[in-house]
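Its first residue numbered 12, the sequence shown is counted upward by one per residue in our numbering.
Honestly, the hints are just simulated from the structure, not real lab data. Note that the structure is predicted; figures quoted are calculated from it, not measured. Be aware that one or more of the hints could be misleading.
Unchecked claim - Now the in silico label distances, taken between C-beta atoms and shown as ranges:
1) M97 <-> E282: 48 to 54 Å
2) E112 <-> A219: 46 to 52 Å
3) F110 <-> K283: 28 to 34 Å
4) I242 <-> S313: 29 to 35 Å
5) K104 <-> K207: 20 to 26 Å
6) K207 <-> G358: 36 to 42 Å
7) K349 <-> N294: 18 to 24 Å
8) K82 <-> E115: 52 to 58 Å
9) E147 <-> K207: 21 to 27 Å
10) E108 <-> N273: 30 to 36 Å
11) N273 <-> N125: 35 to 41 Å
12) K286 <-> Y102: 53 to 59 Å
Even glycine gets a Cβ: it sits at the ideal position worked out from N, Cα and C.
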Amino acid sequence: MGLFDKIKNLITKKEKTVEEVKEEFQVDEVSEIEEVKEEKDINTVEDDDWVQFVNKQQRIQAAQDIDSYDKGLEKTRKEFVSKLSMLGIKYTKINEEYFEELEELLINADVGVNTVMNFMDRIRDRVKKEKITSTEYLNEVIVDELFIIYVDNDSLSDKINIAQDGPTVILMVGVNGVGKTTTIAKLAHKYISDGKKVMMIAGDTFRAGAVKQLEEWANKTGSLFYGKEDIDPAGVIFDGLVKAKEEKADIVLIDTAGRLQNKVNLMKELEKINKVIGRQIPNAPHETLLVIDATTGQNGVSQAIAFKEITNITGIVLTKLDGTAKGGIVLAIKEEVKIPVKFIGLGEKMTDLKPFDIENYIYGLFKDMM
């Protein structure tokens, strides 16, 4: 089964065997199943019943995530797929004029010029080798190639690196106005819902109202909080991490200043912050996530390039993807900056920040063609 067919079947997954579920969820031993039962306070079901219960919950969550991608990418899908379908009507044969319009369509979707050039070379090569003449079939090839161009020959992980011992420290960076503070709140909500103890540390100490705003989000989400105004951010973060260890926090989310105008000063500040974090918690920060507003288009790619030059970015959080018709920026960022997208914002609710899933993303873009 090709990727195109697999995506079509995402919604209608068949029930898996117990053995498949055990393998997928890495629940191999009875003792492990018993531990999960104890955590969930469900101790009356048989082992096979429990595995099926876990599978059902996973499938419900998967369906909800697919629905979020479907709704969140609606603007891009309507703009992009409708024009792609029109190309198939306009051209009965695949020729250079078709390729030129497809190229323009991809660039307008903010896939990125370099990514589009690479993509078009791959499409032309497949059309030639496979002697493709049908534009309808070529649409399926386009879906396959967009997927491949994201994952091909790449070991970058879109999973969060969780510390084995002690708190997991996630440093949040990004320019002001991209939704960094609300993203921290949404991440806190996610981890608290997973049963984790979360602390927020306000490292954006000099911007008016920034510390108070983060404290309000901490109160709303039920997170621990540490912050002080108008003092050295590294010192605040140091003291906050001491408190996080005392409180036995599982996840620590650290806000930082968003001043990119003077990259030298910001680089020095982030270097100092990283050293302070590493002294308190070895091998931390475990993640440095760059928050980008998807509605800014190629400016977001420029921000990613700029931040990559001044600190070690391990992942991207792409906010407001539901508010733009240029959702192709996901592909552009990954291809041009070589940093994985780890979360995407598909709405304003706390639950609308989703772990990035390339299959759900491709489905959200091309649902109307399936």
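| field | C-beta pair K286, Y102: status relative to the range 53 to 59 Å that was hinted | value | Cβ of K286 to Cβ of Y102: about 58 Å, so the range 53 to 59 Å holds.
| Taking 36 to 42 Å as the hint, is the beta-carbon distance of K207 and G358 inside that range? | violated, 22 Å
| task | For I242 and S313, compare the CB-CB distance with the range 29 to 35 Å and indicate the outcome. | result | holds, 31 Å
| message | Looking only at beta-carbon atoms, does the pair E147, K207 fall within the given range of 21 to 27 Å? | response | Given a distance of about 47 Å, which is not inside 21 to 27 Å, the answer is violated.
| field | Hint check for K283 and F110 - Cβ pair distance inside 28 to 34 Å | value | The hinted range 28 to 34 Å is violated for F110 and K283, with Cβ atoms some 50 Å apart.
| query | If you check the beta carbons of E112 and A219, does the distance land in 46 to 52 Å? | reply | Holds - the Cβ-Cβ distance for E112 and A219, about 49 Å, lies within 46 to 52 Å.
| task | Please test the hint of 18 to 24 Å on the beta carbon pair from K349 and N294. | result | Between K349 and N294, where Cβ atoms are some 22 Å apart, the hint holds.
| Distance restraint evaluation - K104, K207, Cβ atoms, bounds 20 to 26 Å | The hint (20 to 26 Å, Cβ to Cβ) is violated, given that K104 and K207 are roughly 56 Å apart.
| Could one say that the CB atoms of N273 and N125 fall in the range 35 to 41 Å? | violated, 28 Å
| field | 48 to 54 Å as the expected CB spacing between E282 and M97, which holds or is violated | value | For E282 against M97, whose Cβ atoms are near 51 Å apart, the range 48 to 54 Å holds.
| said: If I claimed the Cβ atoms of K82 and E115 lie 52 to 58 Å apart, would that claim hold in this structure? | reply: Given about 27 Å between the Cβ atoms, the range is violated.
| Using the C-beta atoms of E108 and N273, is the stated range 30 to 36 Å upheld? | Hint violated: Cβ distance 47 Å, outside 30 to 36 Å.
In this structure, the earlier hints numbered 3, 5, 6, 8, 9, 10, 11 are contradicted, and the remaining ones agree with it.
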